[in-house]
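Protein sequences, first through last, are from chains G and Y.
Under our numbering, residues 1 to 292 are what the first sequence spells out, in order.
Under our numbering, residues 1 to 302 are what the second sequence spells out, in order.
What the hints contain is simulated information worked out from the structure, not anything from laboratory work.
Predicted, not measured: the structure shown is a model, and the values here were computed from it.
Glycine is no exception: its CB is placed at the ideal position from the N, C-alpha and C atoms.
It is possible that part of the hints are untrue.
[Unchecked claim] Pulled a few chain Y residues facing chain G out of the computed Cβ check, cut under 8 Å: (1) Pro28; (2) Leu35; (3) Pro50; (4) Val51; (5) Gln53; (6) Gly56; (7) Ile94; (8) Ala95; (9) Leu97; (10) Leu99; (11) Leu131; (12) Val147; (13) Leu151; (14) Ile233.
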Amino acid sequence: MSPDLDFPLAARQVADERSGVFVRPRFFLWKLIVSAAASLLLLLILLFLVLPIIVIFPMSLGGANYLEFPPRGLTLRWYEQYLFDPDWRAATLFSLKIALATTLSATLVGTLAAIAFVRGNLPGKSLLQAITLSPMIIPHIVIAVAVFIAFSPLNLSGSFFGFLIAHTMLAVPYVVLTVVAALQRFDITLELAALNCGAGRIRAFLLVVLPNIRVGITSGAVFAFLASFDEATVAFFLSGVEGKTITRKMFEDIDFNLTPVIAAVSVVLTAISLIVMGALQVFNRDPVSARR
Amino acid sequence: MTAFKSLYRSMRRVLPSITRAGSWRQYPIGLSLILIAPLFLLLGFGFVYPVAQLLGQSFFAPEFGLGNYRRLLETPLYLKVLVRTVTIAAIVMIAALILGYPVALAMARIRRKLSGLVMACVLLPLWTSALVRSYAWIVILQRRGLVNDLLLGLGAVGEPLKLIYTQSAVIVAMTHVLLPFMILPIFGAIRMIPPELEQAARNLGAGQLSVFIKILLPLSLPGISAGCLMTFILALGFYVTPALVGGPGSLLMATLIGQQTTETLDWGFAGALSTVLLCVTLLIVVCFRNVLSNNRGISNVA
């Protein structure tokens with residue numbers, strides 16, 4: 001259809017409107033049906049997205065020994081079992097320890113690298129960036145098996161440091177991406193002003209650049225925490241009998257005894273993720289970033 | 001006076017560095033290398049060395065040669081797994097596109113309060129562990145699960161259907177897990193299209209359908225390509241969901257690699273399978289990259 005074919009149609013509509021015929025009734029009904037159908041479709045897709053996650057919550061409160069829906073009788077028994085089981089507790093603490101250490105190391109390493117990427121004079125910068133981001137693209141199963149085979153003879157599998165290295169490597173791209181974005185948004189003349197006013201390079205960085213890229217760093221840190229805490233593939237292969245993450249323990253239990261305890265653990269895991277992301281939203285919503 | 005003096009002094013200190021083009025903007029090469037060194041030590045030891053060793057093992061274990069690759073090519077089962085992996089990834093990608101586009105469109109175009117609600121529905125699954133979501137699908141699809149209870153209650157079936165541990169269960173669960181990765185890039189692309197373009201088209205007499213086909217769809221193509229690329233490569237190498245929801249009849253590359261590593265302990269063959277999966281992934285990334293940049297060119301002209 002060429003534009004000059006469309007034009008008479010527009011002219012006709014204008015004419016229609018002048019004569020007071022805004023919408024023909026049959027056309028109006030048709031439109032109503034279409035928009036109702038579209039809303040229904042949207043609602044169904046949204047239910048598909050959300051319902052599977054919401055279903056877990058009533059499951060974790062059910063009274064029966066097996067999974068049933070709707071649950072008969074409400075009980076906190078499964079949460080109790082989760083909290084007082086030494087295996088679950090050890091796995092949860094091990095995961096939290098790894099996730100917190102990963103957050104610290106990934107944020108530090110990633111922020112330094114991001115500064116070098118944006119402000120530094122590096123030969124072959126795009127190649128270095130591609131290598132940095134590749135853990136996001138390479139299938140996690142390949143990374144998991146590779147790390148498992150390489151770390152086993154070094155006694156790093158199932159150990160805190162093995163997990164720290166593997167998870168930091170997986171989490172660092174998120175930090176690099178968010179901090180690079182923040183540094184690119186940062187108005188570089190502010191740093192020049194600080195230098196002009198007599199601040200040294202380090203002072204200007206700490207007092208002017210760092211507060212301005214704070215949002216990028218904290219977002220990166222939160223993504224790094226979740227990338228480690230929720231990570232299941234590498235954790236599945238790298239876990240040992242002693243050092244076992246909560247995701248590996250969950251994986252085993254889903255395969256062998258499907259009790260509602262897993263539903264309770266799922267709710268706890270989801271709650272931790274949501275709390276951490278919610279805290280990030282609140283923490284980053286300051287007047288300065290809101291204006292931007 | 002002293003203020004002027006100190007300003008002058010600092011100007012004298014800073015000015016030379018400004019006149020040398022970009023030197024205060026750019027850190028010297030030595031400092032840059034020091035800043036990036038920790039990252040490269042980490043990636044070298046934690047990523048490049050293990051992956052290179054795994055790929056290397058495919059040629060050296062158990063003996064030097066291409067034996068592992070010959071085995072892969074000569075066994076129909078393994079070829080079938082490879083084809084099935086690519087097929088399922090493609091189906092998941094298309095399903096995610098069909099389900100994801102309306103959501104992205106709604107998120108970008110409906111009233112602000114409602115769009116926040118839609119956004120929350122997309123972000124909730126994104127922030128939930130893939131493990132939890134796979135478990136949720138087991139709960140829903142198992143023998144005495146939600147779907148079977150519902151069907152039995154309605155009298156639609158006489159006995160529980162076998163829904164879990166099948167190929168379709170893998171497809172449904174993977175589509176659910178990867179859907180946010182499709183929705184968010186498309187949402188980003190549609191949000192960048194000025195609504196005035198659609199208004200102008202409507203004003204010129206275009207119906208809703210032709211506005212969609214001629215304006216929204218072509219201008220959101222970069223988002224569609226990015227979303228498709230993300231979901232496809234993630235689906236190719238996904239381990240958690242197929243391992244939990246899938247059965248022996250729906251073995252995929254990822255689950256096969258896992259099996260070779262932990263059960264049969266054939267690390268050379270696991271390396272060969274990993275190499276193939278890696279090559280397929282990288283090939284698709286390279287191809288789609290071209291498509292991506294082409295699309296941007298087309299949308300700029302349009």
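Item to check | Hint check against the structure, violated hint numbers in rising order | outcome: 6, 7, 8, 9, 12, 13
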